[in-house]
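Kindly produce the complete structure, drawing on both the sequences and the hints.
Spelled out, the chains give:
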Amino acid sequence: MENMEKFIFGKLTLDALPHLWYTIGATASILLMGIVFAIILTKTKLWGWLWHEWLTSTDPKKIGTMYLIFAALMFFRGLIDAGMIWIQQAMAADSTGYLSADHFQQIFTSHGDIMVFFVTMGIFFGLMNWIIPLQIGARDLAYPFVNSLGFWLTVAGGILINLFFVVGGDFANTGWLAPAPLSELEFNPGVGVDYLIWSLQLSGLGSLLAGINFIVTIIKERAPGMTLMKMPLFVWTSLCGMLLIITAFPVLTATTLLLWLDRFFGMHFFTTGFGGNQMMYFNLIWMWGHPEVYILVLPAFGLYSEIVATFSQKKIAGYTSMVIAALSITALSYLVWLHHFFTMGAGADVNSFFGIVTMLIAIPSGVQVFNWILTMYKGKVIFASPMYWFMGFVATFMLGGMTGVFMASPPADFQVHNSLFLIAHFHTMIVGVALFGSFAGITYWFPKIMGFTLNERLGKYAFWLWLIGFFVSFIPLYLLGFKGATRRLDHYAASTDWQPLYITAAIGFIIITCGILMQIYQLIVSIKERKLHLDTTGDPWNGRTLEWSTTSPPPHYNFAVIPTVSGRDPFWEMKLQGVQKGRRPGKDYPQKNYPEKEYSEKEYKDILLPKNTAMGIYISAFAFVFGFAVVWHILWLATIGLVGTIVCVIIISFDEHREYILPAAEVAQNEASIKSLVQG
Amino acid sequence: MEENIKVEDDIKVFGFWIYLMTDLIIFAVLFACFIVLRNSTFGGPSGHELFRMSSVLIETLALLTSSFTCSLAMFEIQQKRKNMATFWFAVTFALGMVFLFIEFSEFSELMDKGANWQRSAFLSAFFTLVGTHGLHISVGLLWIIIAIFRVWLRPLSAFNVCNIFRLVLFWHFLDLVWIFIFTVVYGTGHLL
Amino acid sequence: MYQKTLSLRIFGFIASFILTVAAFLIIIHPGLFHLENRAAIVIILSLALLQFIIQSIFFLDLGRETGPQWILAFFISTLFIILIIVFFSIWIMDHLNYNMMPMS
Amino acid sequence: MAKWQKDKVAKTTAMKIIRFIIVLLVITSAAFATFFILKSDSTLLTHPKGVIARDEFHLMLTNVFHMLIVIVPTYILLFVVAWKYRAKNSSKLDRSQAEYDPDKSPGIFGELILWIIPSIIVASMATITWDATHDLDPYRPLKSEVKPLQIQVVALNWKWLFIYPEQGIATVNFVQFPERTPVHFSLAADGSPMNSFWIPQLSGQIYAMTGMVTPLYIMADGPGVYAGKAAEINGQGYADMVFVAKSTSQSNFDSWIVSVKQSPLQLTNNTYNELLRPSENNPTTLYSSVEEGLFNKVVLKYMHPMHPTHHMYLNHMDSHMEHKCAH
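Protein chains in written order, with numbering that gives the first Met the number 0: chain A, 0 to 679; chain B, 0 to 191; chain C, 0 to 103; chain D, 0 to 326.
Worth flagging that the hints you see were computed from the coordinates, not collected in a lab.
Positions of the beta carbon are idealized from the N, C-alpha and C atoms, including for glycine.
There's no promise every hint is true.
The list that follows gives simulated cross-link-like pairs (lysine-lysine, DSS-like), each with its CA atoms no further than 30 Å apart [unchecked claim]:
#1 K11(B) / K610(A)
#2 K610(A) / K61(A)
#3 K83(D) / K314(A)
#4 K11(B) / K604(A)
#5 K11(B) / K229(A)
#6 K459(A) / K314(A)
#7 K610(A) / K112(B)
#8 K2(D) / K87(D)
#9 K103(D) / K377(A)
#10 K5(B) / K229(A)
#11 K5(B) / K3(C)
#12 K5(B) / K61(A)
#13 K61(A) / K459(A)
#14 K314(A) / K527(A)
#15 K296(D) / K245(D)
#16 K377(A) / K2(D)
#17 K146(D) / K245(D)
#18 K61(A) / K674(A)
#19 K3(C) / K11(B)
#20 K103(D) / K314(A)
#21 K219(A) / K5(B)
#22 K459(A) / K83(D)
#23 K377(A) / K83(D)
#24 K10(D) / K459(A)
#25 K3(C) / K219(A)
#26 K610(A) / K219(A)
#27 K377(A) / K87(D)
#28 K459(A) / K245(D)
#29 K5(B) / K604(A)
#30 K459(A) / K87(D)
#31 K5(D) / K459(A)
#32 K103(D) / K229(A)
For each label pair, taking beta carbons as the anchor points, the in silico distance ranges come out as [what the hints assert, rightly or not]:
#33 L13(A) / S137(B): 47 to 55 Å
#34 L134(B) / I23(A): 37 to 45 Å
#35 M32(A) / D6(D): 51 to 59 Å
#36 K530(A) / W82(D): 44 to 52 Å
#37 Q261(D) / I23(A): 53 to 61 Å
#38 P263(D) / S28(A): 52 to 60 Å
#39 K2(D) / V560(A): 34 to 42 Å
#40 S137(B) / I23(A): 55 to 63 Å
Here it is in structure tokens:
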């Protein structure tokens, strides 16, 4: 009987249900939100609309919005983790604080994973889904179905990483990368590490599919006339980011697979005994790790180049060297990963080689900063809130870059490795570059996505709160690093007089939370006053690239007629030639209506658009079931999940007619109605 | 519309090539693991004692011929000759099964000798590398069966021909990986 | 037009067949070509590389695309990545293992 | 302009000036605070007491000065350019349209300069780093005529065990060595995941792993007590895995050895097995004698199954399982 029960339930037992204070709290809040959401939807009978219009949509604009919403939800979860860490560390001088060591270690592990995998990559995939087809003059990504599948796999990974609240009770307490012997069965027999492994596998596969999708779109679906050297810089850096994804994420998939084989089949890749080589895990996981941090950072560089060029009302300075800088960062990021384990003892030759190549990356980053400053030089810089985020970014990026190169020399790294100095460095890079970048991108493209601009005044308040909060919370960490404080400490001796600095850092966190509340308030106010800030011309910032040539939000098919591109800033050239008599360049940008380029009737052609498909959801659901079953060793459920995924894939491979035709007449009629709306 | 389909196929094949590159990188990681762990046998049997080169040769030649017959099948599909294409696909399927059978019997023989994957890191790396390739082969075989159904149940439209073309690419790719498994795993294993 | 591809395939198959058998003979008894182990390994690796190139050209039609050769570009850059993954891992891990060999 | 407009303009400029002063005050006070914190004695990294730590600190300073050559002018340039070329400024000073040049982009020569400046600085930092890494490599023994003191360190689950092979004594969470004599630590771990052995004021950190021996050479300048830490996360008791390193004169060290010899505890196989069981914030314990070749057994245990201590590895596995489930 015992093994029958084991066969049916695997490792799942009754005490996996929530019984700790935080699991009960989390499960209750998740259920509550679910019920409230369901009641609203059933009351307003919007289930059908939600399913047909959004969930099964293959329109990149809708999938982009869903990515942004998903990333925002995950951001709050990561933020709560960060808050609990700060409060625990501020309290824990000579006392164990309000969290046990194990619980504290689970929190910083999930904080790391959620922020890296689901928030930062989620926001950038959202922005890319929205903006890349528009900027390269395409109607859709190369594989619409794969786009929806990639998104839903990331969501499946996101749900699995949060599922331990409801079923299981404990997450991995190993650190965000589950280092080898600690995450093996010998030291971590629980189910937490399996949750981490399989949520990384699912969302890793989702990111890989999205990476392939974007690469093929950027290379094969550009508008006629747009050669590689005429692409906007955001498209260039996103292409570099996607190249990094398709070459780094397979290493992550393989390494987490090996760790899982160690835990599930009892193999000995990284175990302490039986010939296992625990150092190989560090080598492989960081071989993915470093390209991953450049995946987070590169799209932000391209985004800033767009913003600086638009708000300085000038061509980006040194376009070619910006492209060369982005490509050299991409290439160099494969040769540096050992700087994450200088202290392991690989010897002076190996350490100094990797240290010097790490320093080389500072050169292209430096060039990008110089070129941004040169773009502002002799420009007419309008300080809208994206430019505020840009100034905050450059201030923090130079600090982060300096501390990065500081740690590139191995002997210096021997002293600050795994200390709070390192924590401050990578938070400066991720918060300063990627997070400020995503706020700048969202504020800059918000009118294009929603049709009305965000409130500028509140945006600038939010920026100041974020910047001050950032410095108040992370400068003390640099100092704590010099005082010898190592990372991940759940309590410390008061004699080391670290507590005052920990408390200042906690205050900094509170200021950041006020900044986030200000951003939510800004969103509410902007939605309430959207009539006042309507963006009727589709070009609120006097933009330069193609996405501003459509109305905002753009029609379902993006461009009625695919534009031909002649120069680097196609929309700016159109305005110069008076084809689209927008505002004269160089003038400050008061809102002024201007007539669209009139396309005659016969120029409209039939447009092929992808149909909605629910297959992405079904495959991700089966993959989620497989992941859950494998985590809990329920073999029959795992086979169902696997077989279901394979059957769905076979079905979709036989589905030949995935596109419908939008007749030219309907396109012309739609364009006419838009024009009348703009003129009206 | 004709030109549009040609572009459509190009994009699908290009995307599939990039997927093959990511799969190649997964195999590269497994190779790196195998080479690093080649000597950590933890007192257990080493490659030299375990591998019987005769069955490995038969496996390799079977996979090589199946790769060739697969390209013949594609050649027949392009000629629109359905039954010849099905014949060659059946031969490819048979050779693939021979390959899997030999590999499976080698694994079970190792298990009987007690050299299973829990015995040492070297054996873990060996079983994972050759096992993952074996898994890819079984996915390929399943795809061949579906391709045969596709040839008979669906018209040979550009969409279906492109799907079969990607199957042939996948099968050739598996043979490419097996060349290095044959040389690095079995070759150096037997020699050192 | 398809006749040409058929002859390519046949040539590719025969060449690979010969290379495989040659590598097998070297593995079975390296003495035959009076090679000691180290040299034998270098030879069979180069035979494998040659077969890899032949099969990618004759079976996978690498490099025969219309317009810019994107597939070839991705293929070669992935080979670089694979070289980095394999050789740097070996270089690092050998240094680590050598440095940490227990003295006694 | 009407009077009230003048006052309004005066008020806003006054507001601006006040705000600017506040910002200046905040930044200067922050700079002073940072300076004092770095100066205070409890900041370990800026008060090196060991030969290696001092060289590493000097390397840090040279690196920072190298980078400041680029970072400071860029910061200044950033704010000056942003301030000078802001849109409001152009209309107020009614600079002619010539100043605004939308297609101004540095030519090839301008671009090259942007690449060359950081390359020069990185080149010089690279050469410094190459030599420093080879000098401060943990594998390189310290040049000194005094015979180095051998100490074997075993990282256990959440405590440090120090074995003095020549003196035949062992201690837990406390290590003492004479000043100005090179100390050769050989580090290993047992029953514990990857650990990092770090005495911030004496030298950089190095990992301690099972089945491997990593060396570390340190030499204290003078007598003193230094905090020692574990820098790599290894489970629940990670925060308590701290130890005290003490350097005294040679005579004090010899008398300390004699006093440890009197301690009742002996480090035999079974007391070592007791130590292997996971435990948190262990008090300093002294062992008067150590079983012969214990350190080698600990290392070889993970290397080869035939080794006698292999059974220790197996039963340790289950003891750890109980601990985890019992918790």
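Please verify whether K610(A) and K112(B) have alpha carbons no more than 30 Å apart.
violated (56 Å)
Do the alpha carbons of K5(B) and K3(C) lie within 30 Å of each other, as the hint requires?
holds (21 Å)
Could you grab the alpha-carbon distance between K61(A) and K674(A) and see if it respects the 30 Å cut-off?
Holds - the C-alpha atoms of K674(A) and K61(A) are around 23 Å apart, at most 30 Å.
Restraint check for K146(D) with K245(D), where alpha carbons must lie at most 30 Å apart
holds (19 Å)
Satisfaction of hint between K83(D) and K377(A), Cα-Cα up to 30 Å
Holds: K377(A) and K83(D) sit about 9 Å apart, inside 30 Å.
Does K83(D) pair with K314(A) here, judged by a C-alpha cut-off of 30 Å?
holds (18 Å)
Please verify whether K103(D) and K229(A) have alpha carbons no more than 30 Å apart.
holds (18 Å)
Agreement of K219(A) and K5(B) with the hint, judged by alpha carbon distance not exceeding 30 Å
holds (13 Å)
Hint check: K314(A) vs K527(A), CA-CA at most 30 Å. Holds or violated?
violated (35 Å)
Between the alpha carbons of K459(A) and K83(D), is the straight-line distance 30 Å or under?
holds (20 Å)
So if I understand the rule, the pair passes when the alpha-carbon distance is 30 Å or less; does K103(D) with K314(A) pass?
Roughly 7 Å between the alpha carbons, so the hint for K103(D) and K314(A) holds.
Do the alpha carbons of K459(A) and K314(A) lie within 30 Å of each other, as the hint requires?
holds (25 Å)
When each numbered hint is compared with the structure, violations occur for hints 7, 14, 16, 28, 33, 36, 39, 40.
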